[in-house]
Amino acid sequence: MNFFNLLKIALRALNRNKLRAVLTMLGIIIGIAAVICMLAIGQGSKDSIKAQISEMGSNMIMIHPGNMQRGGVRQSSDDMQTLKVADYEALRDRTAYLSAVSPVVSSSGQLVVGNNNWPSSIYGVTPEYLDIRKLSVEDGEMFTEADIKSAAKVCVVGKTVVDNLFPNGENPIGKVVRFGKIPFTIIGVLKSKGTNSMGMDQDDVVIAPYTTVMKRILAVDYLGQIYASALSEELTPEATEEITDLLRSNHRLTGDEEDNFSIRSQQELSEMMNSTSDMMTVLLTCIAFISLLVGGIGIMNMMYVSVTERTREIGLRMSIGARGIDILLQFLIEAIIISVTGGLIGVIVGCGATWLVTVLAGWPTSILATSIILSFAVCTVTGIFFGWVPAMKASNLDPIEAIRYE
Amino acid sequence: MEKREIIQVRDLRRNFKVGGETVHALRGVSFTIREGEFVTIMGTSGSGKSTLLNTLGCLDTPTSGDYILDGVSVRDMSKNDRARLRNRKIGFVFQNYNLLPKTSAIENVELPLLYNSGVSAKERHERAVKALIAVGLGDRLNHKSNQMSGGQQQRVAIARALVNDPVIILADEATGNLDTRTSFSVLVLFQELYARGRTIIFVTHNPELSAYSSRNIVLRDGKIISDTYNEAPASAQEMLDSLPVNDD
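Those protein sequence lines, which keep their order, are chains F and Z.
Heads up: the first sequence runs through residues 1 to 406, numbered per our numbering.
Heads up: the second sequence runs through residues 1 to 248, numbered per our numbering.
Rather than coming from a laboratory, the hints here were simulated on the basis of the structure.
For clarity, every value in this text was computed on a predicted model and none was experimentally measured.
Certain hints may be false.
According to the in silico footprint, chain Z covers these stretches of chain F (three or more CB under 8 Å from chain Z) [claimed, not checked]:
#1 2-9
#2 310-319
#3 323-331
#4 395-404
Glycine residues also receive a C-beta, built at the ideal position from the N, C-alpha and C atoms.
All chains should be modelled from the sequences, with the hints used to inform the complete structure.
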């Protein structure tokens, strides 16, 4: 008996009981659609987190003064002054895993231009800060190393600052803005980045040479933070280790003395956020697979009923020459047809549901080819697995008894 | 010239274990059936005729004794080989027709050939049409089994038994579910097949039917108690013509 004939026999048998076949299929359809939809939602949220993080610079490393891992214990101000310019210079000159390093010193205050004023923050950095934070200058230019050396009173401002200080749309380049008592010449405008994932306006900034901010505004000799970029996201752990070693030796920390600085990388943050979304994905997928399992049990149930109902048919087929394997394959193929057809419709329904989720709820989704292949494989296996036992039962029937079964 | 021996049965015994007891369904049955015979096997229930039919139909194997079907010994055959033998050499006709429900006559008749991979789809169809014409249903090829009368259904079943061109047709109470008139019309069909040289074994408990066959074997308690040849079988057609016609 060739495969084509078997397929024909199975299709005819299913055709005789369409409604039941469709209802059984429904279980698989819902299961597969749920798996695809859940995986798509999970993948979508993962992708959007990843996009947000890489927008901030996925290989960014932040070094803060003091040790943040002391829980509720208040830290002395000495602890907060542990990062010096020398540390920055050491990191800039003596590391192998960093592509960019910038000190950050910041101050908040009122910006004033003519009659307009706007509260904002000024960040003292080096030009490499742009690479680290994935910023770029849209109009004008960035300040230079020479400006840093001379602690020049120049700055680059964000879009929000421009909009508030120059409401009439004048060109801000070359204008002078006062920060406290210090006048800065605007030499560039940053390209807009919009709000970040935490809802913070990333365009509400002023950046200036760190030397200017340290000397002319804050009058301090320590740094607020140091930002750096690892060569790649994967090399972040090596870079972190290198920074730790270098800073410990710079700070003359020996043995079991605790670090008086702390390092946080964007990678840790992304891992943390990913693990949350991974957990959600696993949870949702588990539920989806359970519904697939229930669908599979539905197939098994239907096949059992079908075998009992068609005992005489099985007896007849055997008496006119069907072997056990022919009967086994017939019922197995019926089960597989139901599960694969259900799977196929399930994929379509799942894709449709995913699209609806995106359109109606506005959630980010992403359907992976692997999730479609996976669910297809799962439903074929489901068909074989749950079809096997009833099919075995059918093929082991005694034709003499089966043919006289009432 | 002696006709070919289709069935040879020698000292056939079949025991069943029921609970702790052994039931002897067949206690040494021997006979030979040659090509072209129309044999009725008769007996009351419990006489062993069903067991004999199952054995002759290769559905069951004897406990001891030999069964040779068309030159092949069935006794030591595997299940699959017996299935193959049934497919190629035997045509079954059952009391309750056993047609596939909601399936057309032609598909029902094609069924045995589906299990024979040597037959192409085209040949399958042609042979099924031929078999249906032979039983007088040439105009009902696509009628579904549930749209047909009992007599028509049994004719489809007979066509299904003929389609693989078997060496023997085994009928198990083939007229048992039919009214007298329809019974005789089916019997007429069997006699026509007999006239065309088919070998037929017709198992029944109805003694009237023995008059229409060429040979009659009677079983009782697992043994043959009589085996008689009937030189001039009665004509089922004459009997049918003499019956009053029911138009309801």
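Now for the hints, and whether the structure bears them out:
no.: 1; hint: 2-9; verdict: holds (count 4)
no.: 2; hint: 310-319; verdict: holds (count 7)
no.: 3; hint: 323-331; verdict: holds (count 4)
no.: 4; hint: 395-404; verdict: holds (count 3)
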